[in-house]
Amino acid sequence: MAETQTDAAGTAPAKEPRDVAELSRAVEALIFVADEPISTKLLAEVLEEDRELIVSVVEELVASYEDRSGGLQIREIAGGWQISTRTECHEDVRRLLKTRPSAKLSLASLETLAVIAYKQPVTVPEILEIRGVQSASAIKTLLEKRLIITKGHKETVGRPMQYGTSKEFLIHFGLKDLADLPSIEDFEDIAGSIG
Amino acid sequence: MAETQTDAAGTAPAKEPRDVAELSRAVEALIFVADEPISTKLLAEVLEEDRELIVSVVEELVASYEDRSGGLQIREIAGGWQISTRTECHEDVRRLLKTRPSAKLSLASLETLAVIAYKQPVTVPEILEIRGVQSASAIKTLLEKRLIITKGHKETVGRPMQYGTSKEFLIHFGLKDLADLPSIEDFEDIAGSIG
Amino acid sequence: MQSELEQYTFDFHSETAEIVAESHDELKIKLGEFAGPLDLLLYLIRQEQANIFDIPIATITDEYLKYIRLMKRLDISVAADFLVMAATLIEIKSKMLLPRDPLAVEEEEMDDPRRELVDRLLEYEKFKAAAEMLYEKTTIEQAVFPRGKIESDDNNAEVSATVFDLLTVFEKILARHKEEVTMEIHREEISLADMIRSLRDRIFAAGELNIVDFFAELHTRRELVTAFVAVLEIVRTESVKLMQRKTFGDIILKKVQEQSG
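Protein chains in written order, with the working numbering: chain F, 1 to 195; chain R, 1 to 195; chain P, 1 to 261.
Keep in mind the hints are simulated off the structure, nothing from the lab.
If a hint is listed, it holds; no wrong ones were tucked in.
Taking lysine to any residue pairs in the SDA-like style, the calculated list, with each CA pair at most 20 angstroms apart, reads:
| id | chain 1 | residue 1 | chain 2 | residue 2 |
| --- | --- | --- | --- | --- |
| 1 | R | Lys145 | F | Leu42 |
| 2 | R | Lys145 | R | Lys167 |
| 3 | R | Lys41 | F | Arg94 |
| 4 | P | Lys172 | R | Gln120 |
| 5 | P | Lys254 | P | Glu208 |
| 6 | R | Lys145 | R | His172 |
| 7 | R | Lys98 | R | Leu143 |
| 8 | F | Lys145 | P | Thr138 |
| 9 | P | Lys254 | P | Phe214 |
| 10 | P | Lys254 | R | Ala108 |
| 11 | F | Lys176 | P | Met133 |
| 12 | P | Lys254 | R | Glu36 |
| 13 | P | Lys172 | R | Gly132 |
| 14 | P | Lys241 | P | Ile196 |
| 15 | R | Lys41 | F | Leu97 |
| 16 | F | Lys119 | P | Arg120 |
| 17 | F | Lys176 | F | Ser39 |
| 18 | P | Lys172 | F | Glu144 |
| 19 | F | Lys176 | P | Lys137 |
| 20 | P | Lys137 | F | Tyr118 |
| 21 | F | Lys145 | P | Ile251 |
| 22 | F | Lys151 | F | Ser137 |
| 23 | F | Lys154 | R | Ile184 |
| 24 | R | Lys119 | R | Leu178 |
| 25 | P | Lys178 | R | Val133 |
| 26 | P | Lys255 | P | Phe228 |
| 27 | P | Lys241 | R | Ile139 |
| 28 | P | Lys255 | R | Ser106 |
| 29 | F | Lys145 | P | Glu136 |
| 30 | F | Lys151 | R | Asp186 |
| 31 | P | Lys137 | F | Ala179 |
| 32 | F | Lys41 | F | Ile171 |
| 33 | F | Lys154 | R | Gly174 |
| 34 | R | Lys176 | F | Glu155 |
| 35 | F | Lys140 | R | Ile184 |
| 36 | F | Lys145 | P | Tyr135 |
| 37 | F | Lys140 | P | Lys172 |
Partial pick of chain F residues on the chain R-facing surface, computed with a CB cut under 10 angstroms:
| id | residue |
| --- | --- |
| 38 | Glu45 |
| 39 | Ser64 |
| 40 | Arg68 |
Note that the coordinates shown come from a computational prediction; the quantities given were computed from them, not determined experimentally.
Idealized CB from N, CA, C, for every residue including glycine.
Produce the entire structure from the sequences given, and follow the hints as far as they go.
Shown next, in the form of structure tokens:
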């Protein structure tokens, strides 16, 4: 690790440094090949380059995709970078893949997921408290779809299982990370507005 | 099909023609999402356009990828078009593929790991007894991924080696300690049997 | 085997907006769409155009009970939680009817029997709105597609696991084990060697074979167990591998290409 860093004294790195164009090519290829969003950290490790340099290369790349305004885009999602199609093309893509929008989550599942996303780690009784209704089958569905994961036992009476959201959750909802979720307090205005 | 053709007499096509930029976007998206090289014929069918037009759009697209000389290229292969990484980047791509996260386990490995996690310390014959199949290669994989470790010999005939889960296992599955491993009872409140 | 698809979809903006229906069945569906008692209560409050901070508890309670009765009449199983809420509402209503202590005017606010319910409703509504936000996000995400499969994915068509998977898999093994142990061997239907041979022929002929389809052709548990062992054996010894196209998708037996580019 340490060897890859050049210091002020000018110690040359062990290997030939690449120029930015070459690095950009490599980054694009890696983002494409990775089968899930690839983090800046992993890119930096594989390419043996500084993270800051990688960030600037990726950002340049994102901008160049925007400028080109082709059928593809690079997005930051679930803590990584991913190439995907642009929303404008969805009808054509769907016609090719012969898919319809996939089965949506039920209202109960979505509500349960919202509670878990904002209150994690959270237990089944705590979810019941907020939703006012049993959420058992919703939790099972969410576990099976891998949108939530177990987060260990809560150190309280009965040691209930705690749940939190998964990486798939971020991918599914197109979120960079959990901080990318709007604050729950932002929904207060909507909440107070009825009646 | 015939309607989409405008002839010299100027018969208007049935639907709004797309401009070339829009068509190019769609073509790029379709090549990108297709699991296999996609033929000009299929592109023309999905997009309801002339094959000649599609050919020229694809060729333009191929040329633009060349001009950009990024990490990707569009190639004609097996009678279709495909986006792939450029050969120059293959060294980096290979390095990425080697760093695959070790969370990916085959079904056999996962089964073996589950038995070891819940029955540890456990010997190979005992795992065989429970799984009903040999687990030798799975155990090797799990040892390599450092998810399991040896736990000394069992004081019985043949003194077989015993296995248990490692610290990495805990980290990997986000567990504080082995007591944190969920039991079937933990999921009792969510829809009975999960098997 | 296959996880069941969720049958009903809904639209936040129209479907839950009001309960009107042409037919009984339709009404049943719409009534069934309330995510819980709090959801129903909010709907009724909105319907009455009431102020959430000053809920006309008598009216709302009556309306609430009317819906519970309607649901029962339509044979919609009313979750216990709906009944608990009904009891709560009745309790609040009766408390409101008690004559107020004229000396306790100052504490009126504090003593409002509706207070706790209002707090719960407000808290719940935030999450309901958050659920709507998630719904909108997933709608947008459905218009975005990742790349198709590429060669290198094949090396990785494996399952990434969570603790939940670990437990699920373990329970399945135990169930399978129990079945094997208690099973009596009636007669030799098809030997393991024959099973492996037929399995291999089919995989190599077609390039791949869906395990679920293959198992579905078998009739006895004995055959199933033999087939299962054959699958594991063939994966271990032949250039065949197990893969899943997606999480919880069917498991496919696929012939490994001898040469890779």
